[in-house]
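Based on the sequences and whatever the hints tell you, model everything.
So the protein sequences, as listed, match chains P and G. Be aware that the first sequence starts at 1028, since it is given in this note's numbering, and climbs by one per residue. Be aware that the second sequence starts at 281, since it is given in this note's numbering, and climbs by one per residue.
Read the hints as simulated data drawn from the structure, not as lab findings. Hints may be right or wrong, so weigh each one.
What the hints assert, rightly or not - Under the rule of at most 30 angstroms between Cα atoms (straight-line distance), these lysine-lysine pairs were calculated in the BS3-like manner:
1. G:Lys313 <-> P:Lys1120
2. G:Lys624 <-> P:Lys1247
3. P:Lys1308 <-> G:Lys313
4. G:Lys1048 <-> G:Lys1000
5. P:Lys1070 <-> G:Lys1048
6. G:Lys563 <-> P:Lys1439
7. P:Lys1263 <-> G:Lys563
8. P:Lys1237 <-> P:Lys1389
9. G:Lys857 <-> P:Lys1360
10. P:Lys1360 <-> G:Lys1000
11. G:Lys602 <-> P:Lys1222
12. P:Lys1120 <-> G:Lys317
13. P:Lys1308 <-> G:Lys562
14. G:Lys680 <-> P:Lys1326
15. G:Lys562 <-> P:Lys1340
16. G:Lys639 <-> G:Lys624
17. P:Lys1247 <-> G:Lys562
18. P:Lys1360 <-> G:Lys639
19. G:Lys857 <-> P:Lys1355
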Amino acid sequence: MPVAASAIYFLNLRGDVLINRLYRDDVGGNMVDAFRMHIMQTKELGTCPVRQIGGCSFLYMRISNVYIVIVVSSNANVACAFKFVVEAVALFKSYFGGAFDEDAIRNNFVLIYELLDEIMDFGYPQNLSPEILKLYITQEGVRSPFSSKASDKPVPNATLQVTGAVGWRREGLMYKKNEVFLDIVESVNLLMSSKGSVLRCDVTGKILMKCFLSGMPDLKLGLNDKIGLEKEAQLKSRPTKSGKTIELDDVTFHQCVNLTRFNSEKTVSFVPPDGEFELMKYRITEGVNLPFRVLPTIKELGRTRMEINVKVKSVFGAKMFALGVVVKVPVPKQTAKTSFQTTSGKAKYNASIDSLVWKIRKFPGQTEATMSAEVELISTMGEKKSWNRPPIQMEFQVPMFTASGLRVRFLKVWEKSGYNTVEWVRYITRAGSYEIRC
Amino acid sequence: MSGHDSKYFSTTKKGEIPELKEELNSQYKDKRKDAVKKVIAAMTVGKDVSSLFTDVVNCMQTENLELKKLVYLYLINYAKSQPDLAILAVNTFVKDSQDPNPLIRALAVRTMGCIRVDKITEYLCDPLQRCLKDDDPYVRKTAAICVAKLYDINAELVEDRGFLEALKDLISDNNPMVVANAVAALAEIQDSSVRPIFEITSHTLSKLLTALNECTEWGQVFILDSLSRYKAADAREAENIVERVTPRLQHANCAVVLSAVKIILLQMELITSTDVVRNLCKKMAPPLVTLLSAEPEIQYVALRNINLIVQKRPTILAHEIKVFFCKYNDPIYVKMEKLEIMIKLASDRNIDQVLLEFKEYATEVDVDFVRKAVRAIGRCAIKLERAAERCISVLLELIKIKVNYVVQEAIIVIKDIFRRYPNTYESIIATLCESLDTLDEPEAKASMIWIIGEYAERIDNADELLESFLETFPEEPALVQLQLLTATVKLFLKKPTEGPQQMIQAVLNNATVETDNPDLRDRAYIYWRLLSTDPEAAKDVVLAEKPVISDDSNQLDSSLLDELLANISTLSSVYHKPPESFVSRVKAAPRADDEEFADTAEGGYSESPSQGVDGASPSSSVGTSSNVPVKQPGAGSPPAPAAMPDLLGDLMGMDNAIVPVDEAAAPSSPPLPVLLPSTTGQGLQISAQLTRRDGQIYYDISFENGTQGVLDGFMIQFNKNTFGLAAGEALKVPPLQPGATTRTLLQMVPFQNIAPGAPNSILQVAVKNNQQPVWYFNDKIPLHVFFGEDGKMERASFLEGWKSLPDDHEFTKEFPGSVISSIDATVERLAAANVFFIAKRKNANMDVLYLSAKMPRGIPFLIEITAAVGVPGVKCAVKTANKEMVPLFFEAMEALTK
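What follows is the structure, given as structure tokens:
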């Protein structure tokens, strides 16, 4: 059954109900007490996000300082329920201007009630597009940027747009200057063994789009992915152009992309929502360019002293540079004294996370930096358990670099009025979970 | 920008409700709106603002959409508690459902469907009929869901008014969202009915597949989920469906992806072409892997489903094992599931890599995870014969780290490896024995002992090793005791020398005479008899070749697996249980004769507490409950047999000295069970029983002197027992003449000398006097003497308690010997024993009673008794957090219902 929820609760960390909505009659209004008693007040919290208590199941997520709990008593669609929560939070954030926490809920409870009534009916998720909802659910202070003319009356054809085939875009948009911004944001995930061999490595990327386009434009996006290029070549019956191509393991698209067409022609064509949205996500595991190599050596000298040496090499183009590089080297809990030497950046010991934190603001390509540290430990007598060395973690961002090698080849915009469009493309690669075991 | 609604939560201290009332009736619009917001704020924080019902409803007729929505929200919450006043709102609802603004029309229908008051439901039909045919798709899509709501309240009405047909028409609607909601509503209605209502034909199939391309992400989920019930006619049709569904795998919404995977897996069963199947498997892998980059909660759902998928079709993810490697910061529930999948995907090809990972995990911080990682190594060893040796060497490396729980877990899995590959890896036993003295967990100890026993002939000092365990035999948990017993017998049979001979004597003695555990005792006696009658036979039995164990990592049987796969993405697939095992709602089958039963079955549990208090409808179970007078204990009503001792107790309490003790034993009081017959007691006969009077526990004891002389100086002592019952005063028994009988009540106090261990009902008593040796006898503690007078529960709290306790806290037992001849008498008798009646209902020809009882310091017992009047056989179900007491509880209930 595609039902996603019988009731939804927003609780603060103490377990007080901030707001709730019962959608169906099959769970009692007091079931949240069971959640408090059997999950929040026990060690169970955080051991499993789906729990059965009595005849009901509880699905819960924590987002900032709020627990969002969904209660169901039937064999509900869990994936749908969790996705609904994620989308609902995104919707609230877009209404409140970014923040979603206990205060934001209290400050907007009337609006939230109204939205909860609209986005789910009898446990079935309805339209959650902020774009469309903002047409007719407005609040003082939270007015959609489009209805700035302050008409309290709902847009007359709002209902048609909610249910329309293009349920994510309003009609009749007008911009003086038609612009599209594309951001290709990649996270590199790496797990490297202490011996320097790559255990797993992948890139999850997303293409964020910001559209300021008039009318109902049709867009087509071309990337340098192998299958897309081959298909194109095949359709136009000419040989594939040389140049670097990449192989995407998987892609997922925003609901505006015509999936059937992607499946048959391998082209990404869509009518975009207005404003900002996530057009697609992709994943690549083959041929990843790792931006950094990390070479740690950790020596335990006796029971009370350690020598740590970490060398970081940047392996992207010499003209580029990385920003906000942070290397976190875990040290044992009983660390007493540390001393550092770095070739660039600053290092210090952070006791709250039991790590040496080495920060380099700007790291040019094709260079290397080292940090050597001496750590003195408090000698502990009865410590039987040896120190389990957690991995070294790294943070960074490299603008204009893609670890996958993905490039946007073209973005075509067709609109019946035939206006010209300006397109902007940016690339950035960030560290996802970049871990080196030591 | 953010709102400032938090101001509505701040309240003036005194007279909040009257103040709100005044504001709600203000002549200014803005003030009224603010007041309604305050009411909603109060409702949100759980205050009861139902008394403002009329005032809030008065604000309903407004042009302001925001205010209207707030009033509607209030109505949804409180209409049920004010059904008569809710009718006031009907007019506005009906009017709103004809408003020119489609948003208001939809709002009215949506809200009316949420108000579950019969009178309102009647008025809902006409507006609903109109809205189903509304020009505006937004209204139609709302009306479609409303049909499902109405069906839930009154299925008959929906069928009579032809709403089902109207709903089916909506499947052909030109708006995809209307189609999606109509499909969702029909699927739900079909779910709660046994009659075929919504059957997908090849015609609807093609319509739905077309709508799939156009509707919202959620609509796609509704349609895909209902398509998953469709059985394709042949391979061609199946291929066709799969082809249309496959593009959905690229959707950003995880629910769409999982529902698409579900359909593809189901249709694949029919597809015969291996190429097509292989191709599909290839296509499904990347989207499944992508789910692992979602939020951890969604990852968890995905992993539980992937667990099922790899059991069915291991090839899909055979090459993707790396994506299941745990990240250091993954939440524990994600790590655990990843580990499980890694074991399933482990093969000869990737085992080296997998072992390196497991070894890494075995040094992490979280103890549970570490243990699971160690166990995973063992399971791989059992699964992959060629890798077993490598697995063992990793385990030995881990043992060398000497982290206590790692060692213990490793020993447990090595035992399993020995059972899988007997006589192969015994060379490592010596290493294991080094860690012998660090073992403190029962399972690890038991495993080690099993290994020693099994390979006693190859371990030179096996007898010494076992002997070191034997010293603490009486203190060991049952698991270890059983293994010690068996291991010693094995040792003796393998090395029948002097040392083991002595050991076996000691063990058999310990395990028979000195133990209370029947399992241990029985096993020991069997060994004893075997050894003493035919040692050769003993060898055949004890040292017989054991069957080789197999890998349990594909534990689900294929029919269950198929059922779970048909439920991908639902709770069922997360729990790995079929839906009917955790969904309590029964299909409301429209069987005319059983309708009443279905009604009352609902009434038993799911009725809201507020209705229970009303007890309005006389046909419901609530009504009947008020007909049965609940006897208060100690009210002294003469017909109740148990009330007699009460009077007696009072008399004795009032005038202890005057009334001769033997006279107190009035003929009407039931005779006490004889515990020490005069034959054993050299003429003294003792009869006794525990009873409860006026909230106190007494030992009702009587002495009969059958000896030739006077007996005096009686003293009594109680051994440690589960409830720590001890004498609360000295035993007052006058010197007893030959042939005389005396009976007395000895006050008892609980929780004095509590015996550790599993609860049992044994009360060991010692009685002495100046003339005879000390007499020991055993009595049984009836649990109901502990039931407090405060055990009566409110209906609502009973319901809540019953719901909040997990199902594994429910226990059921049949008392074949008990008969209920009259409900009233039984209820009265139980009430006298402080088991209080709460409600009853009829289930076919059976009566179901709900009762509660409470132990001091304990947790209440929630009781359900099912029986047919006059027919032997009573079924008793109990829910309690106090699991250990359940066997004793049943004993007591059986005695009370006899």
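- Item | Violated hints - listed by number, lowest first | Of the numbered hints given earlier, those the structure breaks are 2, 3, 5, 9, 10, 15 and 19, listed in rising order.
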